[in-house]
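Student: Chain residues, written in single-letter form:
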Amino acid sequence: MTAVENRPAAEIGQSRLRKEDAHLLIGRTTWTDNITLPGMLHLAILRSPMAHATITSIDVSAAKQRPGVVAVFTGQDFAETQGSIPCAWPVTPEMVNPGHPSLAVTQVNHVGEAVAVVVARDKYLAQDALEAIDIDYAPLPVVLDMEAALVADTTLVHGHTSSNRSFTWTFESGAAGTGAPIEDTLRDAEVTVRRRFIQQRLIPSFMEPRSTVVSPNGEGVTMWSATQVPHILRTMLALTLNIPEHKVRVIAPDVGGGFGGKLQVTPEEVICTLVARKLGKPVKYTESRSESLMSAHHGRDQIQDITITAKRDGTVTGLDVHLFADMGAYLRLVSPGIPVLGAFMYNSIYKFAGYRFVCEGVFTNKTPTDAYRGAGRPEATFAIERIMDALAGELDMDPMELRRKNWIKHEEFPFTTVCGLTYDSGNYEAATAKALELIGWDELRREQAERRARRDPVQLGLGISTFTEMCGLAPSRVLGSLDYGAGGWENASIRVLATGKVEVVTGASAHGQGHETAWSQIVADQLGVPFDDIEVIHGDTQSSPKGLDTYGSRSLVVGGIAVVKAADKVVEKARAIAAHMLEANPDDLEFAGGSFSVKGSPGSGKTIQEIAFAAFAAHDLPDGMEPSLDSDATFDPENFSFPHGTHLCAIDVDTETGRATIRKYACVDDIGEVINPLIADGQIHGGLAQGIAQALYEEAVYDADGNLTTGTFVDYLLPSASDLPSFLTGRTVSPSTTNPLGVKGVGEAGTIASTPAVVNAVVDALKPWGVQDVQMPCTPERIWRAVAEGVGGAATADRSAEGTVAYGGASTASSDGSGEGEQL
Amino acid sequence: MIPASFEYERPANLDAAVRVLQDGGEDAKVLAGGQSLLPVLRLRLSYPELLVDLGGLAELRGIREDGDAIVIGSMTTHDEVLKSELVRQHAPLLAQATATVGDRQVRHLGTFGGSLSHADPAGDLPTIALTLDAQLHATGPGGPRVIPASEFFLDYLTTALRPGEILTAIRIPKLGAGWSTHYEKFDRVAQAWSIVGVAAAVRRSNGSIAEARVGLTNMGTTPLRASLVEDELSGAAASAATVASASRSVTEGTHAPNDLAGHADYRNHLAQVLTRRAVLAAAGI
Ligand SMILES: Cc1cc2nc3c(=O)[nH]c(=O)nc-3n(C[C@H](O)[C@H](O)[C@H](O)COP(=O)(O)OP(=O)(O)OC[C@H]3O[C@@H](n4cnc5c(N)ncnc54)[C@H](O)[C@@H]3O)c2cc1C
Numbered sequence: 014m015t016a017v018e019n020r021p022a023a024e025i026g027q028s029r030l031r032k033e034d035a036h037l038l039i040g041r042t043t044w045t046d047n048i049t050l051p052g053m054l055h056l057a058i059l060r061s062p063m064a065h066a067t068i069t070s071i072d073v074s075a076a077k078q079r080p081g082v083v084a085v086f087t088g089q090d091f092a093e094t095q096g097s098i099p100c101a102w103p104v105t106p107e108m109v110n111p112g113h114p115s116l117a118v119t120q121v122n123h124v125g126e127a128v129a130v131v132v133a134r135d136k137y138l139a140q141d142a143l144e145a146i147d148i149d150y151a152p153l154p155v156v157l158d159m160e161a162a163l164v165a166d167t168t169l170v171h172g173h174t175s176s177n178r179s180f181t182w183t184f185e186s187g188a189a190g191t192g193a194p195i196e197d198t199l200r201d202a203e204v205t206v207r208r209r210f211i212q213q214r215l216i217p218s219f220m221e222p223r224s225t226v227v228s229p230n231g232e233g234v235t236m237w238s239a240t241q242v243p244h245i246l247r248t249m250l251a252l253t254l255n256i257p258e259h260k261v262r263v264i265a266p267d268v269g270g271g272f273g274g275k276l277q278v279t280p281e282e283v284i285c286t287l288v289a290r291k292l293g294k295p296v297k298y299t300e301s302r303s304e305s306l307m308s309a310h311h312g313r314d315q316i317q318d319i320t321i322t323a324k325r326d327g328t329v330t331g332l333d334v335h336l337f338a339d340m341g342a343y344l345r346l347v348s349p350g351i352p353v354l355g356a357f358m359y360n361s362i363y364k365f366a367g368y369r370f371v372c373e374g375v376f377t378n379k380t381p382t383d384a385y386r387g388a389g390r391p392e393a394t395f396a397i398e399r400i401m402d403a404l405a406g407e408l409d410m411d412p413m414e415l416r417r418k419n420w421i422k423h424e425e426f427p428f429t430t431v432c433g434l435t436y437d438s439g440n441y442e443a444a445t446a447k448a449l450e451l452i453g454w455d456e457l458r459r460e461q462a463e464r465r466a467r468r469d470p471v472q473l474g475l476g477i478s479t480f481t482e483m484c485g486l487a488p489s490r491v492l493g494s495l496d497y498g499a500g501g502w503e504n505a506s507i508r509v510l511a512t513g514k515v516e517v518v519t520g521a522s523a524h525g526q527g528h529e530t531a532w533s534q535i536v537a538d539q540l541g542v543p544f545d546d547i548e549v550i551h552g553d554t555q556s557s558p559k560g561l562d563t564y565g566s567r568s569l570v571v572g573g574i575a576v577v578k579a580a581d582k583v584v585e586k587a588r589a590i591a592a593h594m595l596e597a598n599p600d601d602l603e604f605a606g607g608s609f610s611v612k613g614s615p616g617s618g619k620t621i622q623e624i625a626f627a628a629f630a631a632h633d634l635p636d637g638m639e640p641s642l643d644s645d646a647t648f649d650p651e652n653f654s655f656p657h658g659t660h661l662c663a664i665d666v667d668t669e670t671g672r673a674t675i676r677k678y679a680c681v682d683d684i685g686e687v688i689n690p691l692i693a694d695g696q697i698h699g700g701l702a703q704g705i706a707q708a709l710y711e712e713a714v715y716d717a718d719g720n721l722t723t724g725t726f727v728d729y730l731l732p733s734a735s736d737l738p739s740f741l742t743g744r745t746v747s748p749s750t751t752n753p754l755g756v757k758g759v760g761e762a763g764t765i766a767s768t769p770a771v772v773n774a775v776v777d778a779l780k781p782w783g784v785q786d787v788q789m790p791c792t793p794e795r796i797w798r799a800v801a802e803g804v805g806g807a808a809t810a811d812r813s814a815e816g817t818v819a820y821g822g823a824s825t826a827s828s829d830g831s832g833e834g835e836q837l
Numbered sequence: 040m041i042p043a044s045f046e047y048e049r050p051a052n053l054d055a056a057v058r059v060l061q062d063g064g065e066d067a068k069v070l071a072g073g074q075s076l077l078p079v080l081r082l083r084l085s086y087p088e089l090l091v092d093l094g095g096l097a098e099l100r101g102i103r104e105d106g107d108a109i110v111i112g113s114m115t116t117h118d119e120v121l122k123s124e125l126v127r128q129h130a131p132l133l134a135q136a137t138a139t140v141g142d143r144q145v146r147h148l149g150t151f152g153g154s155l156s157h158a159d160p161a162g163d164l165p166t167i168a169l170t171l172d173a174q175l176h177a178t179g180p181g182g183p184r185v186i187p188a189s190e191f192f193l194d195y196l197t198t199a200l201r202p203g204e205i206l207t208a209i210r211i212p213k214l215g216a217g218w219s220t221h222y223e224k225f226d227r228v229a230q231a232w233s234i235v236g237v238a239a240a241v242r243r244s245n246g247s248i249a250e251a252r253v254g255l256t257n258m259g260t261t262p263l264r265a266s267l268v269e270d271e272l273s274g275a276a277a278s279a280a281t282v283a284s285a286s287r288s289v290t291e292g293t294h295a296p297n298d299l300a301g302h303a304d305y306r307n308h309l310a311q312v313l314t315r316r317a318v319l320a321a322a323g324i
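Protein chains in written order, with this note's numbering: chain A, 14 to 837; chain B, 40 to 324.
Everything labelled a hint here was simulated from the structure, so no lab data went into it. Fair warning: there could be bad hints in the mix.
Here are the in silico distance ranges between beta carbons for each label pair [unchecked claim]:
id : chain 1 : residue 1 : chain 2 : residue 2 : range
1  : A       : L30       : B       : L84       : 51 to 57 Å
2  : B       : I324      : A       : E456      : 29 to 35 Å
3  : A       : S28       : B       : N307      : 27 to 33 Å
4  : B       : A283      : A       : H335      : 43 to 49 Å
5  : B       : R83       : A       : F544      : 47 to 53 Å
6  : A       : E460      : B       : L84       : 32 to 38 Å
7  : A       : G52       : B       : G94       : 55 to 61 Å
8  : A       : L495      : B       : G94       : 56 to 62 Å
9  : B       : A280      : A       : H335      : 31 to 37 Å
10 : A       : G803      : B       : S44       : 54 to 60 Å
11 : A       : A462      : B       : R83       : 29 to 35 Å
12 : A       : S176      : B       : A283      : 45 to 51 Å
For each residue, glycine too, the CB sits at the ideal point set by N, CA and C.
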């Protein structure tokens, strides 16, 4: 990494403890729910118990009489003012967006949709008054199954549209000129394997529930919200509610995780704003966990029909992807873009000649879907890594051998894929070799053979995921070409104070990632100031006015580079001042360890702190130079970054009970240069937990009436540390060539890579039974059924009784589900 | 979520508690550790007007030896049960099952008596009480009485406790020499309810199984004893084959639930596998 070489005691690369943690650990936090303003009122939201119904009457008069109630509003009260929850990613010009009221006006389209809001003096009174609201619903038939939803003359989720299809988005390599026509590769295939994979619906399950405080002030508002995206929220709120943007201030105080779930402009945020402005009082709304599970947006929920073609020698030739993506009842901020983000990743690290991707976005009467950690890319990685295993099975080839044969060799970088993306760097051979060694692959294969031979009831399965992802969202021009509503740049500014202390303002709004530490490490090296002399400021549109926030593994790769650029400008100006002070030519100065000195005479120099004071005093600056050492930089990447890695999973499958227990999990990730190994490992570990959770545990289930039956954490199963193995992690470093730090991003890698490694391992364990697939999550019951069904069994048995109507968020026939919600 | 409002009393002794509870009538409920009751209130599945907190009744806490039994106060927490030498010595099955209940926080607040009174068929401890032939002591407006565990669990979340009655203590006969036990709990994550659980207590003598008891969690609306398996095992040879064969009868008389955590046929299968494993482990085969 040239930018920081030769520096004494480099901060970059140190496992610094996170400076933002102390206040969290001792409870001195400012979660939004901790904020109290004078005269603040509390909101409680009544939510629809019906998945699809017309509201025939609402009577709020009794609720208004309840103690402490200040006001009660329904959708009718805001019908003219609430606008529509914005969708910033119209993926095609024809895309149908039916509009998304924050408070339902005449019709409800999913269980959990907001229908009325009580404003009261405290939250308890507000909650009590909800029960006094009287609503009559006229039920409509419920649309749950995506394929059934697309049949002609079926029930429409939105009566004013002509179909439940929101969009069809297509990419085809022949038409795009990036590869062969897909029809040719399909026609000429020597071997063709088709599979249908189900990406079950997931719930992001951030630790801090969503919470919003809004204080009206004059024409505008100040909003505190548990959001990942204060800047986007500000702009979108202004547009949605017709408030001049400069009158809107959004603050994201301490935010307890998001995973994409807080990359949103939520109905609750809009409702708080409407109510605060109507009453002229500050208001607060904090959701309960149950509300969060049913009304915060969900993730995944796709049906993936995948066809891969190959030559008999194992050379892959074509990949044909057809997706049904469940949008849920409405389009939210980037709902349609999520599956489309995966479009360029299905081909992954392999050299395909032809490629096609078709995605149909479908409306159903379920909670809207949107970003969830990985957003489109985990789905893509899952499909390709699963079908590579299926192809290996078909060819009777070792699955790693098949991958080796087809992946891009390290000497072939930069490599332009069949999608037209250029991967700048990588070394799949190196990461794989290291991962195989880390887990002890050959020994495990021997053990597997031995256990198969003696028909051990506990079988060993070995799974592979050699993945890549596109991170660093995103080059603005590329986003423009994909019809995204904004750019992908990031901003940073640096203020060097009179005493030489440094403030770094970043537009990447952290919510648990560790930006304050990492950015301090970067600036410490760039400016040669002590780590502790740096303060990182973020998360308030007033103090960090420019930015596009944190998601898509973009913060370091885009925001961190903006910081470097801003620091470069500081150094440049400091050099001119130093030259003036030292009466030397700027070109004769060298900058190291925070001080400028004349080349060849070290020790003669001026420290950055001395220069900072000189810039502040401004007594003797070069002619025409503005006082201050401050700088501002905006970085727009020219390309994505492409972290990659090899994840390997060894799983014990008890074929009698169906329980799968991960025995060993090893991953070697190539995330380019690493700023803070501790933070990188933390991101990997958390990411693995979430990816493994999709493979084995999590699933949002709806019953045939559209009720979310996994409505509490008793039924929506999240693993904890006790359910996960101790991860074996390693790294290889192929620096990114498209940014000066050589970094690639790490926020989503674990989640994207791990899911197929685990499922491949489960299926591998069941190979003696001829099992070809186990639907996620691979519950003990599904695995047991797979074993029982034997050869060819796809074990799609879902967690539902008879009457199943939908994949991915499968349904049960009725909501009797004895015990559910009561086993507490 | 926020419960509906309720009154709260914390009586200082058992007599007062019985009185307050009686005065509260139908709308009063006992509060023990709150680990089951509070979630029910917060989800607004129940609207009691008065909660009578037993937390102040020292007389309902603690574990003592009483001849051929140990007596556990109903308000003894799971954690106290776990740490008790008496339990470990005379009712290790209870210790083993209690260790699987919830997480550390739950075990520090939840009580043995609360768990039995709540009578969730997915709860582990009712099965243990049933398997160990516990005697449940209760006091109410009609005075104290003793209910055998076999008559205590009537239905889903329903016990033989009468309105106004408080469970005060659980008397567990000591398992004599030759007995050994095992609890086999099957759940999907470490901190979760049993999909199925099987408790086994076995007395071995000279290469055969002299006596066996098998209790089932979540195979019906109450905890159950698998009496057919018990009969088949009693006097049988202590071999893997006999145990496997007897275990197949375990589903006789059960009504496994069909819910998100598992279909009934899967639970029936699990019960057989877990019974075999529990008995083998208990018998040391
Ligand atoms: C996260 C979590 C995980 C859990 N996991 C498990 C598990 O894996 N296995 C398991 O078995 N349990 C589990 N539990 C439940 C736990 O065991 C509870 O402690 C127990 O079910 C209730 O005990 P309690 O003291 O909290 O009773 P409370 O919640 O206070 O009361 C429960 C019910 O019993 C009544 N009651 C309580 N005490 C008496 C009494 N002395 N006399 C008369 N009525 C009484 C109350 O009125 C109420 O109806 C879990 C609980 C939680 C929160």
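Student: For each hint, tell me whether it holds in the structure or not.
Tutor: Against the structure, the hints come out as follows:
1. Separated by about 44 Å at the C-beta atoms, L30/A and L84/B break the suggested range of 51 to 57 Å.
2. Remark: the range hint 29 to 35 Å for I324/B to E456/A is upheld by a beta-carbon distance near 31 Å.
3. A hinted range of 27 to 33 Å is violated for the C-beta pair S28/A and N307/B, which are about 52 Å apart.
4. One distance hint, 43 to 49 Å for the beta-carbon pair A283/B and H335/A, holds here, with the actual separation near 48 Å.
5. Take R83/B and F544/A: their Cβ atoms lie about 50 Å apart, and the range 47 to 53 Å holds.
6. In this structure, E460/A and L84/B break the distance hint of 32 to 38 Å, their C-beta atoms being roughly 49 Å apart.
7. For the hinted restraint 55 to 61 Å between G52/A and G94/B, the CB-CB distance of approximately 37 Å leaves it violated.
8. A hinted range of 56 to 62 Å holds for the C-beta pair L495/A and G94/B, which are about 60 Å apart.
9. In this structure, A280/B and H335/A break the distance hint of 31 to 37 Å, their C-beta atoms being roughly 52 Å apart.
10. Between G803/A and S44/B the CB atoms are about 57 Å apart, so this pair conforms to the stated range of 54 to 60 Å.
11. Between A462/A and R83/B the CB atoms are about 56 Å apart, so this pair departs from the stated range of 29 to 35 Å.
12. Checking the proposed 45 to 51 Å range against S176/A and A283/B shows it is violated: the Cβ atoms sit about 57 Å from each other.
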